Every structure is written in C-alpha cells, then in structure tokens.
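There are 2 protein chains.
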Amino acid sequence: MSGSLVVVGTGPGKAELMTPATQAAIAKATDLVGYGPYLDRIPAMKAGQCRHASDNRVELDRARHALSLAAAGRDVVVVSGGDPGVFAMAAAVFEAVEVGDPAWRTLDIRVEPGVTAMLAAAAEVGAPLGGDFCAISLSDNLKSWSTIERRLKAAAHGDFVIALYNPASKARPRQLAEAFVLLRSVKDAATPVLFVRAAGTSEAKVVSTTLGMADGSMADMRTLVIIGASTTRQVGRWIYTPRRERGA
Amino acid sequence: MSGSLVVVGTGPGKAELMTPATQAAIAKATDLVGYGPYLDRIPAMKAGQCRHASDNRVELDRARHALSLAAAGRDVVVVSGGDPGVFAMAAAVFEAVEVGDPAWRTLDIRVEPGVTAMLAAAAEVGAPLGGDFCAISLSDNLKSWSTIERRLKAAAHGDFVIALYNPASKARPRQLAEAFVLLRSVKDAATPVLFVRAAGTSEAKVVSTTLGMADGSMADMRTLVIIGASTTRQVGRWIYTPRRERGA
Numbered sequence: 006m007s008g009s010l011v012v013v014g015t016g017p018g019k020a021e022l023m024t025p026a027t028q029a030a031i032a033k034a035t036d037l038v039g040y041g042p043y044l045d046r047i048p049a050m051k052a053g054q055c056r057h058a059s060d061n062r063v064e065l066d067r068a069r070h071a072l073s074l075a076a077a078g079r080d081v082v083v084v085s086g087g088d089p090g091v092f093a094m095a096a097a098v099f100e101a102v103e104v105g106d107p108a109w110r111t112l113d114i115r116v117e118p119g120v121t122a123m124l125a126a127a128a129e130v131g132a133p134l135g136g137d138f139c140a141i142s143l144s145d146n147l148k149s150w151s152t153i154e155r156r157l158k159a160a161a162h163g164d165f166v167i168a169l170y171n172p173a174s175k176a177r178p179r180q181l182a183e184a185f186v187l188l189r190s191v192k193d194a195a196t197p198v199l200f201v202r203a204a205g206t207s208e209a210k211v212v213s214t215t216l217g218m219a220d221g222s223m224a225d226m227r228t229l230v231i232i233g234a235s236t237t238r239q240v241g242r243w244i245y246t247p248r249r250e251r252g253a
Numbered sequence: 006m007s008g009s010l011v012v013v014g015t016g017p018g019k020a021e022l023m024t025p026a027t028q029a030a031i032a033k034a035t036d037l038v039g040y041g042p043y044l045d046r047i048p049a050m051k052a053g054q055c056r057h058a059s060d061n062r063v064e065l066d067r068a069r070h071a072l073s074l075a076a077a078g079r080d081v082v083v084v085s086g087g088d089p090g091v092f093a094m095a096a097a098v099f100e101a102v103e104v105g106d107p108a109w110r111t112l113d114i115r116v117e118p119g120v121t122a123m124l125a126a127a128a129e130v131g132a133p134l135g136g137d138f139c140a141i142s143l144s145d146n147l148k149s150w151s152t153i154e155r156r157l158k159a160a161a162h163g164d165f166v167i168a169l170y171n172p173a174s175k176a177r178p179r180q181l182a183e184a185f186v187l188l189r190s191v192k193d194a195a196t197p198v199l200f201v202r203a204a205g206t207s208e209a210k211v212v213s214t215t216l217g218m219a220d221g222s223m224a225d226m227r228t229l230v231i232i233g234a235s236t237t238r239q240v241g242r243w244i245y246t247p248r249r250e251r252g253a
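Chains A and B are the protein sequences, given in the same order. Adding 5 to a residue's 1-based position in the first sequence gives its number in my numbering. Adding 5 to a residue's 1-based position in the second sequence gives its number in my numbering.
No wet-lab data here; the hints were simulated from the structure. In this text the structure is predicted, and so the values were computed from the model without any measurement. Incorrect hints may have been included.
Any copy, or any two copies together, can satisfy a pair, since identical chains are not distinguished.
Claimed, not checked - Here are the simulated lysine to any residue pairs, SDA-like style, with alpha carbons at most 20 angstroms apart: (1) K158 with R62; (2) K19 with S73; (3) K175 with W150; (4) K51 with L188; (5) K158 with R69; (6) K19 with L147; (7) K210 with D113; (8) K158 with Q239; (9) K33 with A20; (10) K175 with D106.
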C-alpha cells in the first residue's frame with residue numbers, strides 16, 4: 006500500500022503553538038480528516054486538498070474513514086486538537102487498526118507530537134506542573150465513574166498535581182463537583198485550584214481559587230482544571246510547584 | 006522595570022518541534038540564558054544577542070541571573086529543553102522570585118509551552134498515553150526516595166500509564182531497577198514497558214519489552230521510560246492505550 010496516515014495535533018488553539026513538523030505534515034496531505042472546529046484552525050494550504058469534517062462524537066468512524074483513505078493510496082492527516090496522543094485521535098486510530106482490515110497493520114502510520122492543553126494551561130498561570138503530576142479525563146463516556154474515583158484517590162494519596170481534562174459538559178454537569186468532594190476528603194482545603202479556560206488561545210481566562218472554595222460549576226468543556234500538590238503555592242501573581250519537596 | 010523574562014522550551018530536540026511562539030520569543034530577546042546544549046539547538050538569530058550558557062546543575066543560579074538581567078531592563082529568554090513547565094526551568098524561575106528581590110515580583114514574566122519529552126516518546130511508539138497517565142521524575146536530588154516510592158505505588162494502584170523522567174544517571178544507576186521491583190509487586194509482569202531514547206530527535210531509538218523483563222540498565226539520562234496501564238497493548242508495530250476500559 007502506498008498511502009500514509011499521520012496523526013497530528015493543532016496545539017491548544019493559537020497558530021503559533023502548532024509545531025512546524027505538524028504544519029509540514031498538513032501541507033503535504035491529500036486529505037485532512039478531523040472534527041470540524043479543529044480543521045477550521047488550519048488555513049487552506051494546497052489546491053485539491055480534501056477536507057473531511059465530522060462531528061466530535063464519532064472518533065472511531067473518523068479513524069476508520071482515514072485508514073480507508075490511506076489504504077486507497079491517499080496521504081491522509083488526521084487532525085486533533087492539542088497533542089494527538091493525549092485524550093485525542095491517536096488512540097482511536099490504533100483502536101480502529103486493531104479491529105479493522107488486517108492490511109491496515111502494514112500502513113505507514115505516524116504520530117506527530119503537539120502541545121497538549123495541560124501544558125498551555127500551566128503556562129498561563131506559572132508552573133503548577135513543576136513537580137510530579139497526573140492527567141485524568143473526567144469523562145465517563147468510555148470508562149466507569151468508579152475507575153475515575155479510584156484514580157482521583159490514588160492521585161490524591163500520591164500527592165500528585167492533578168490536571169483534569171473534560172471536567173464538565175452539558176451531559177455531565179455534576180462530576181466535577183463530585184471529584185472535588187472526593188479530593189477534599191484527602192487533600193488540604195487550602196490547596197490551589199486553577200480553572201483555565203481556552204488556554205493557549207487569545208481568549209484564555211484564569212480563575213484561581215482553593216480546593217475548599219472550588220465549585221463544579223466553574224468549568225465547562227473548554228476548561229482545564231489543575232489541582233495542586235501539597236507544595237503548590239502562589240508567588241506574586243503566579244502559581245507554581247517547587248521542584249524541591251519540603252525538607253529535602 | 007522595563008525588562009522582561011520569557012521561559013521557553015526548545016521541545017525534545019528537532020527544530021521542527023519548537024513552536025513558532027517560542028521561536029518568536031527567542032528572536033526578540035536581547036539575552037538568552039540556559040544550559041549550553043539547549044542554547045546550541047538555537048541558530049544565531051540576531052546580532053548583539055548575548056548568550057549566557059551554564060552547567061546543568063545550577064538551575065537556581067541561572068534563574069537568578071536571568072531575573073537580574075530582566076530587572077536591569079534586558080529582554081531575557083530562559084531556554085529549557087522540552088516544555089519549560091515540566092521538570093525544567095519555569096519552576097526554578099518562580100523559586101528564585103519567591104526568595105529573591107521583592108521587585109522581581111513586578112517583572113513581566115511569561116511562560117511559553119512546548120512539546121515535553123513524554124509526548125515525543127509516546128508519538129515514537131504509537132499512543133501509549135491514550136488513557137489517564139502520570140509523569141514522575143525519578144531523580145532524588147530534590148525529593149526523597151520515599152516520596153518517589155509513594156508516588157510509584159499510588160500510580161500503580163490507580164492503574165495509570167506511568168512516564169518516568171530522569172530514570173537514570175551515572176550518579177543514580179540503581180533507582181530504575183528499584184522502581185521496577187516496586188511496580189512488579191503491584192502490576193502484571195506482561196505490562197508493556199518502553200524505553201525511548203532521544204525521542205523527537207533524528208537519533209530516536211525505541212526498545213519495547215515487558216515489566217517482567219525490564220532491566221534498570223536499559224535507560225540512561227536521555228531515555229524516557231513509559232510503563233503501560235492494564236489495558237495498554239500492542240497492535241502491529243505500535244503500542245497504545247485504548248480510550249475505552251475493558252467492559253465499559
């Protein structure tokens with residue numbers, strides 16, 4: 006098979022946060038496949054380049070479509086937001102490969118890394134991810150709420166900084182509040198909590214509070230929530246986690 | 006004060022993985038401050054731009070130096086590898102602000118996000134970070150080994166994918182082996198383990214094994230180690246973590 010498939014991420018939003026490697030992959034593609042708003046971030050680069058826009062809820066269909074196009078000899082780029090390997094399209098592509106046409110396993114498939122939302126959100130406020138950290142998607146579309154609770158507890162007991170992706174949506178308005186209740190049972194109420202909306206775009210907005218005051222209604226689909234470790238603190242107008250632990 | 010300080014990351018190595026925003030910040034600087042090998046990644050951009058290269062072990066001195074230059078009216082860029090907020094210079098800059106000249110708190114300080122090593126390493130092998138994951142630095146220069154053990158245990162019990170930064174150095178040859186012993190007491194021996202050396206550079210090299218077979222001597226300072234979750238698996242020549250958990 007002579008086609009190819011590259012999975013890329015646009016970064017958090019601003020064109021200046023898309024890597025040159027991703028721009029180059031997009032420029033070479035015959036076909037771009039992705040969720041409409043992500044494709045809209047990409048200026049027209051090439052006459053005859055086809056855009057296949059789809060809804061956000063059909064990752065696996067989108068992945069299959071992209072693989073079929075590549076198998077037919079097209080040079081396909083699958084466009085995610087952020088980094089394609091973090092709660093995005095790269096895993097969906099390999100899921101589709103696993104259950105799909107065995108010939109897809111011989112395709113030229115490549116992933117290009119990008120700037121994921123958590124890094125852009127951290128940069129907006131200082132350096133809250135300066136220590137050990139974890140990233141948890143709060144969506145229970147693909148995993149059970151009990152798994153999410155187990156991970157939140159583990160992250161709290163391990164004193165990780167916690168980045169929450171997909172903290173809330175219209176279909177899931179209550180889960181972030183439940184997560185805060187759970188975290189308050191382990192972590193200090195004074196722990197810094199950051200709500201960073203539209204990080205890495207020109208509309209970025211930060212709300213800084215504490216775990217004791219944090220409210221589930223402070224986030225929506227475009228918000229990344231960061232909950233500090235025990236050492237995370239404020240200096241001037243910045244929040245950061247020192248590299249050194251207390252007493253070390 | 007009229008100076009400024011921007012903390013940037015070059016990404017994992019290849020020029021094509023440095024964001025345009027970071028390139029633009031570097032192009033505007035009067036002074037670049039950083040560890041020598043990171044500065045060497047940056048082509049000369051501007052006549053009269055000063056480069057202040059230093060050793061890797063003196064982050065706090067380097068941060069103070071950069072802040073002094075900014076306070077004196079210079080436009081300073083502090084150059085990290087990867088993303089500056091992940092086990093890199095951004096936290097060191099805010100540590101220096103916290104204990105330094107109170108006037109530094111009024112400086113124009115900004116962080117530019119970048120592509121951190123874990124994302125580049127994941128992209129080399131597929132999508133191992135496709136589920137919830139955590140990042141742990143295995144260096145005990147700034148925190149105790151007991152804290153690291155506590156976090157490894159929490160990450161294993163939470164069934165996170167685990168990315169290990171700084172897995173080994175000449176001064177710390179034994180810790181990765183100890184980490185594997187600890188993880189084997191909780192996680193299945195068949196769990197995929199990836200050693201990705203020089204990810205995101207032209208010399209990238211991947212060794213794929215299992216937790217049962219993983220050996221601490223397989224990593225050095227330039228290696229990023231990824232340990233799968235219970236769902237992480239191989240398809241074709243790729244390793245990935247499905248978004249969907251078993252049975253969900």
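Status of the hints after comparison with the structure:
| no. | hint | verdict |
| --- | --- | --- |
| 1 | K158 with R62 | neither (28 angstroms within a copy, 35 angstroms between copies) |
| 2 | K19 with S73 | neither (30 angstroms within a copy, 31 angstroms between copies) |
| 3 | K175 with W150 | within (17 angstroms within a copy, 43 angstroms between copies) |
| 4 | K51 with L188 | neither (49 angstroms within a copy, 49 angstroms between copies) |
| 5 | K158 with R69 | neither (36 angstroms within a copy, 37 angstroms between copies) |
| 6 | K19 with L147 | neither (29 angstroms within a copy, 35 angstroms between copies) |
| 7 | K210 with D113 | between (40 angstroms within a copy, 18 angstroms between copies) |
| 8 | K158 with Q239 | neither (24 angstroms within a copy, 29 angstroms between copies) |
| 9 | K33 with A20 | both (18 angstroms within a copy, 18 angstroms between copies) |
| 10 | K175 with D106 | neither (36 angstroms within a copy, 47 angstroms between copies) |
In the structure shown, a violation is registered for the earlier hints numbered 1, 2, 4, 5, 6, 8, 10, in ascending order.
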